[in-house]
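Those protein sequences? They're chains S and Z, same order as listed. Under our numbering, the first residue of the first sequence carries the number 3, and numbering increases by one thereafter. Under our numbering, the first residue of the second sequence carries the number 404, and numbering increases by one thereafter.
It should be emphasised that the hints constitute simulated quantities derived from the structure, not laboratory data. As the structure is a computational prediction, the values presented were derived from the model and not from experiment. There may be inaccurate statements among the hints.
What the hints assert, rightly or not - Pairwise CB distance ranges, derived in the manner of DEER restraints:
{"no.": "1", "chain 1": "Z", "residue 1": "Lys535", "chain 2": "S", "residue 2": "Lys236", "range": "50 to 60 Å"}
{"no.": "2", "chain 1": "S", "residue 1": "Gly281", "chain 2": "Z", "residue 2": "Ser649", "range": "33 to 43 Å"}
{"no.": "3", "chain 1": "Z", "residue 1": "Gly540", "chain 2": "S", "residue 2": "Leu151", "range": "27 to 37 Å"}
{"no.": "4", "chain 1": "S", "residue 1": "Gly281", "chain 2": "Z", "residue 2": "Ser553", "range": "40 to 50 Å"}
{"no.": "5", "chain 1": "S", "residue 1": "Leu67", "chain 2": "Z", "residue 2": "Glu600", "range": "46 to 56 Å"}
{"no.": "6", "chain 1": "Z", "residue 1": "Gly445", "chain 2": "S", "residue 2": "Val280", "range": "49 to 59 Å"}
{"no.": "7", "chain 1": "Z", "residue 1": "Ser553", "chain 2": "S", "residue 2": "Phe7", "range": "28 to 38 Å"}
{"no.": "8", "chain 1": "Z", "residue 1": "Asn444", "chain 2": "S", "residue 2": "Val85", "range": "31 to 41 Å"}
{"no.": "9", "chain 1": "Z", "residue 1": "Asp635", "chain 2": "S", "residue 2": "Leu151", "range": "22 to 32 Å"}
To be verified - Subject to a maximum C-alpha distance of 30 Å in a straight line, what follows is the list of computed DSS-like cross-link-like pairs (lysine-lysine):
{"no.": "10", "chain 1": "S", "residue 1": "Lys84", "chain 2": "Z", "residue 2": "Lys517"}
{"no.": "11", "chain 1": "S", "residue 1": "Lys28", "chain 2": "S", "residue 2": "Lys269"}
{"no.": "12", "chain 1": "S", "residue 1": "Lys28", "chain 2": "Z", "residue 2": "Lys515"}
{"no.": "13", "chain 1": "Z", "residue 1": "Lys602", "chain 2": "S", "residue 2": "Lys84"}
By construction, the Cβ of each residue, glycine as well, lies at the ideal position given by its N, Cα and C atoms.
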Amino acid sequence: MSFFFTALLLGLALSFMGLGIYLTLKVFRIPDITTDGSYTLGAVVSAVIVTNGQGTIPALIISVLAGFIAGAATGFIHTRMKVNALLAGILVMTALYSINLMIMGRSNLPLINSRGLFDLVSGWEHKEWGQLLLLASVLVISYLKMGWLLKTDLGLAMRATGSNEMMATTQGISVNNMKVLGLAIANAFTALSGSMVAMYQGFADINMGIGIVILGLGAVMMGEALMDLLGVHKIIWRLLGVIAGTVVFRLLLAFALSAGLDPNMLKLVTAILVLLFVGLPGVFKKYKHDLY
Amino acid sequence: MICIENLQHTFNAATAREQAALKDLNLEIQDQDILVIIGPNGCGKSTLLKLIAGQIKLQKGRISFNEKGINSTKAFITARHVAMVSQDPLTGTAGDLSILENLRLAYLRDSKRKLIIGLDQNFRDLATSKLKILNMGLEHRMDTPVESLSGGQRQALTLVMASMCSADILLMDEPTAALDPHSAEVVMNAAMLLIEEMKVPAILVTHNMQQALRYGNRLLLMDQGTITKHCDSQEKSQLNVTTIRSWFGDSL
Numbered sequence: 003m004s005f006f007f008t009a010l011l012l013g014l015a016l017s018f019m020g021l022g023i024y025l026t027l028k029v030f031r032i033p034d035i036t037t038d039g040s041y042t043l044g045a046v047v048s049a050v051i052v053t054n055g056q057g058t059i060p061a062l063i064i065s066v067l068a069g070f071i072a073g074a075a076t077g078f079i080h081t082r083m084k085v086n087a088l089l090a091g092i093l094v095m096t097a098l099y100s101i102n103l104m105i106m107g108r109s110n111l112p113l114i115n116s117r118g119l120f121d122l123v124s125g126w127e128h129k130e131w132g133q134l135l136l137l138a139s140v141l142v143i144s145y146l147k148m149g150w151l152l153k154t155d156l157g158l159a160m161r162a163t164g165s166n167e168m169m170a171t172t173q174g175i176s177v178n179n180m181k182v183l184g185l186a187i188a189n190a191f192t193a194l195s196g197s198m199v200a201m202y203q204g205f206a207d208i209n210m211g212i213g214i215v216i217l218g219l220g221a222v223m224m225g226e227a228l229m230d231l232l233g234v235h236k237i238i239w240r241l242l243g244v245i246a247g248t249v250v251f252r253l254l255l256a257f258a259l260s261a262g263l264d265p266n267m268l269k270l271v272t273a274i275l276v277l278l279f280v281g282l283p284g285v286f287k288k289y290k291h292d293l294y
Numbered sequence: 404m405i406c407i408e409n410l411q412h413t414f415n416a417a418t419a420r421e422q423a424a425l426k427d428l429n430l431e432i433q434d435q436d437i438l439v440i441i442g443p444n445g446c447g448k449s450t451l452l453k454l455i456a457g458q459i460k461l462q463k464g465r466i467s468f469n470e471k472g473i474n475s476t477k478a479f480i481t482a483r484h485v486a487m488v489s490q491d492p493l494t495g496t497a498g499d500l501s502i503l504e505n506l507r508l509a510y511l512r513d514s515k516r517k518l519i520i521g522l523d524q525n526f527r528d529l530a531t532s533k534l535k536i537l538n539m540g541l542e543h544r545m546d547t548p549v550e551s552l553s554g555g556q557r558q559a560l561t562l563v564m565a566s567m568c569s570a571d572i573l574l575m576d577e578p579t580a581a582l583d584p585h586s587a588e589v590v591m592n593a594a595m596l597l598i599e600e601m602k603v604p605a606i607l608v609t610h611n612m613q614q615a616l617r618y619g620n621r622l623l624l625m626d627q628g629t630i631t632k633h634c635d636s637q638e639k640s641q642l643n644v645t646t647i648r649s650w651f652g653d654s655l
């Protein structure tokens with residue numbers, strides 16, 4: 003049971019990244035690979051700050067800021083230097099690998115004396131419930147913030163940019179500025195995820211972000227498929243779908259591991275699951291079309 | 404007043420595919436003008452509109468709105484002064500967003516987008532009053548995603564969006580080309596009502612000669628990047644379809 007409970011907590015911690023990926027992939031329609039780097043960046047920055055005893059709040063704030071800057075860098079390269087978004091993301095992600103190593107000074111940093119945010123519940127008899135409460139609280143705040151942002155006038159301009167760039171331009175919106183801002187905010191959320199996971203797991207590792215974007219994509223696709231099935235179109239509910247998707251995706255992987263899956267095969271299973279969520283709706287549509 | 408002086412524009416300049424789209428075009432549009440432009444394909448009508456809207460960078464000449472030149476290289480900055488309705492109903496609206504959200508985006512065309520939720524009851528009331536002009540019942544579907552509307556409804560919505568915020572000019576580039584005759588009629592009637600309400604000069608580019616005769620107070624005929632005929636209100640009232648057709652032969 004505790005295995006699945008851990009998976010649930012990790013799913014919640016990764017949901018911040020799910021919200022960020024929703025912003026880039028579904029709102030802006032940009033496949034942003036910066037995620038792999040900014041997730042680790044959040045973890046690394048938090049681990050270093052917490053290890054140096056400078057406290058949880060500075061760790062969270064600086065991690066989020068670092069993610070914001072990383073995303074803005076991708077946005078800048080994409081919009082101002084006219085580099086393909088995918089390539090811009092790969093460039094920043096690659097650069098972040100060295101930057102993360104430089105910040106951490108080595109490839110792995112354990113949080114021995116302090117677990118940051120989770121110190122608050124370390125004395126609890128059932129500290130896992132405290133961890134759940136903490137993660138859920140920060141997640142609810144982030145979820146509401148993202149929902150609110152997308153409803154504001156600025157958020158509408160961001161959504162219009164993703165939906166129809168030409169329309170956005172004719173309505174006086176700088177689509178380039180919106181993309182930079184969107185990528186920055188998305189990667190700030192991803193860095194928050196990295197920060198939470200590092201504090202929860204008790205370490206930051208230089209390789210912890212490798213392939214994480216696929217997990218996020220799968221989670222977002224799954225959440226979207228779920229909301230489509232329920233016929234829900236309101237943004238605030240679709241964001242909830244993303245969180246549900248992230249948690250369920252993580253639980254599915256945990257289930258696969260508990261059923262005896264070789265951990266080395268985990269990335270392959272993740273990729274196949276994502277392919278199923280991305281590809282199956284199209285196959286069903288064609289099947290239905292052929293039937294009638 | 405919109406003043407266009409010595410406007411020249413060449414596509415693919417200094418290449419084998421060089422094509423002069425506009426050749427030394429001069430035009431004045433008074434505040435109360437509704438200018439109708441007709442001409443064969445490739446005569447420079449759409450290029451002229453895109454230059455006024457800032458969607459194409461100005462190469463040579465000057466365009467001024469109320470004596471202020473617009474030479475910004477950024478289309479989104481020029482767009483703050485221009486209301487535009489394009490030929491394709493899909494280009495003027497954001498399909499994923501609701502009718503109300505699209506209207507809000509248009510309402511803020513010349514303002515900064517802030518971190519506030521502007522979709523309150525006051526704005527809903529304003530949107531309702533604007534949508535009622537169309538008489539299409541869209542005011543009862545304000546939370547519906549725009550992608551579920553028909554082409555005619557989307558084009559009509561684009562027109563209402565154009566009127567949500569003050570502008571120096573309204574540009575309509577074949578706004579009914581993709582619509583059936585009934586929708587085209589509804590959209591054009593709404594356009595005239597909105598132009599009257601906005602009190603702005605307007606340019607209507609059309610291939611439809613009935614529309615060219617029915618709407619507007621001035622008619623321009625363009626061919627090969629220049630204005631070949633210019634009819635004022637009185638001359639326009641004496642025109643008929645056969646006359647216009649004779650000017651252009653089969654090319655219209």
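Report task. Check each numbered hint from earlier against the structure, then list the numbers of those it violates in ascending order. Result -> Of the numbered hints given earlier, those the structure breaks are 1, 2, 4, 6, 7, 9 and 13, listed in rising order.
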